[in-house]
Amino acid sequence: MGLFNFVKDAGEKLWDAVTGQHDKDDQAKKVQEHLSKTGIPDADKVNIQIADGKATVTGDGLSQEAKEKILVAVGNISGIASVDDQVKTATPATASQFYTVKSGDTLSAISKQVYGNANLYNKIFEANKPMLKSPDKNLSGASVAYSGRVVNCQPSPAG
Numbered sequence: 001m002g003l004f005n006f007v008k009d010a011g012e013k014l015w016d017a018v019t020g021q022h023d024k025d026d027q028a029k030k031v032q033e034h035l036s037k038t039g040i041p042d043a044d045k046v047n048i049q050i051a052d053g054k055a056t057v058t059g060d061g062l063s064q065e066a067k068e069k070i071l072v073a074v075g076n077i078s079g080i081a082s083v084d085d086q087v088k089t090a091t092p093a094t095a096s097q098f099y100t101v102k103s104g105d106t107l108s109a110i111s112k113q114v115y116g117n118a119n120l121y122n123k124i125f126e127a128n129k130p131m132l133k134s135p136d137k138n139l140s141g142a143s144v145a146y147s148g149r150v151v152n153c154q155p156s157p158a159g
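Here the sequence shown stands for residues 1 to 159, numbered as in UniProt numbering.
Hints are supplied without guarantee of correctness; some may be wrong.
Pairwise CB distance ranges (calculated) [said to hold, decoys possible]: (1) D23 <-> K123: 33 to 43 Å; (2) D25 <-> Y115: 24 to 34 Å; (3) N122 <-> K29: 17 to 27 Å; (4) T91 <-> D26: 15 to 25 Å; (5) D25 <-> A81: 14 to 24 Å; (6) K13 <-> D52: 11 to 21 Å; (7) S63 <-> Q32: 30 to 40 Å; (8) G2 <-> Q32: 17 to 27 Å; (9) A51 <-> G104: 16 to 26 Å; (10) K37 <-> P135: 17 to 27 Å; (11) T94 <-> N119: 34 to 44 Å; (12) D25 <-> Q113: 39 to 49 Å.
Straight-line alpha carbon distances no greater than 27 Å define the calculated DSS-like cross-link-like pairs of lysine-lysine that follow [said to hold, decoys possible]: (13) K13 <-> K37; (14) K13 <-> K137; (15) K30 <-> K13; (16) K13 <-> K24; (17) K129 <-> K29; (18) K37 <-> K137; (19) K137 <-> K112.
Hints in this document: simulated from the structure, not taken from any laboratory.
Glycine included, every Cβ here is placed at the ideal spot set by N, Cα and C.
Full structure from sequences and hints, please.
Written out as structure tokens, the structure is:
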């Protein structure tokens, strides 16, 4: 559990984050609908609250994998700057960590850095289905999970 930061202006556009003309309950409902469309297991077991660009996700009894996919899917919505993880897993799990993607990074480059082997990029891709449609997708501004850890895919300040 904890607070995870995301790129507020990147990701799926479910509402008009620029004008600020949106209702918090409507935002939460749209996020729930978005989660149900992703096909992530147990997405129906979480509740979402939205306030000032922060999504609070609560739930109980999820697997670590489902929890991380849900957190990443919610964080990859335009207008969400942070996700407050209040989800309890069925079994205790290792806390997630973040990696900031630099300009030009690919899943292979990230895989080489985190696993020591660029050919293991498919592990990251598989862990992030259905959010990632292709292992060649541009990662800037998105977030992906790998082996129980979250990779924060936002451009570095210099890149």
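Next pair to validate is K13 with K37; report whether the Cα-Cα distance is within 27 Å. holds, 14 Å
Practice problem: Assess, step by step, whether the Cα of K37 is no farther than 27 Å from the Cα of K137, and give holds or violated. | Solution: It holds: about 20 Å lies between the C-alpha atoms, which stays within 27 Å.
Range agreement (Cβ of D26 with Cβ of T91, hint 15 to 25 Å): violated, 35 Å
Range first: 11 to 21 Å. Now tell me if the beta carbons of K13 and D52 are that far apart. Once the Cβ atoms are compared, 18 Å apart, the range 11 to 21 Å for D52 and K13 holds.
Look at the Cβ atoms of K37 and P135 and judge whether their distance stays inside 17 to 27 Å. holds, 22 Å
Does the structure keep K30 and K13 at a Cα separation of 27 Å or less? holds, 10 Å
- Item | CB-CB spacing for K29 and N122 relative to the 17 to 27 Å hint | The hint (17 to 27 Å, Cβ to Cβ) is violated, given that N122 and K29 are roughly 35 Å apart.
Review point. Measuring from beta carbon to beta carbon, are D25 and Y115 in 24 to 34 Å?
Key: Taking Cβ atoms as reference, D25 and Y115 lie about 42 Å apart, which means the hint is violated.
| message | Can you tell me whether the CB distance of D25 to A81 sits inside 14 to 24 Å? | response | Between D25 and A81, where Cβ atoms are some 19 Å apart, the hint holds.
- Message: Against the range 30 to 40 Å, how does the distance between the Cβ atoms of S63 and Q32 compare: consistent or not?
- Response: For Q32 against S63, whose Cβ atoms are near 19 Å apart, the range 30 to 40 Å is violated.
Checklist entry - Would the pair K137 and K112 pass a check requiring their Cα atoms to be no farther apart than 27 Å? => result Distance of about 17 Å is within 27 Å: holds.
Okay, D25 versus Q113 on CB: inside 39 to 49 Å? This hint holds: roughly 41 Å between Cβ atoms.
Violated hints, in rising order: 2, 3, 4, 7, 9 and 11; the structure is consistent with all others.
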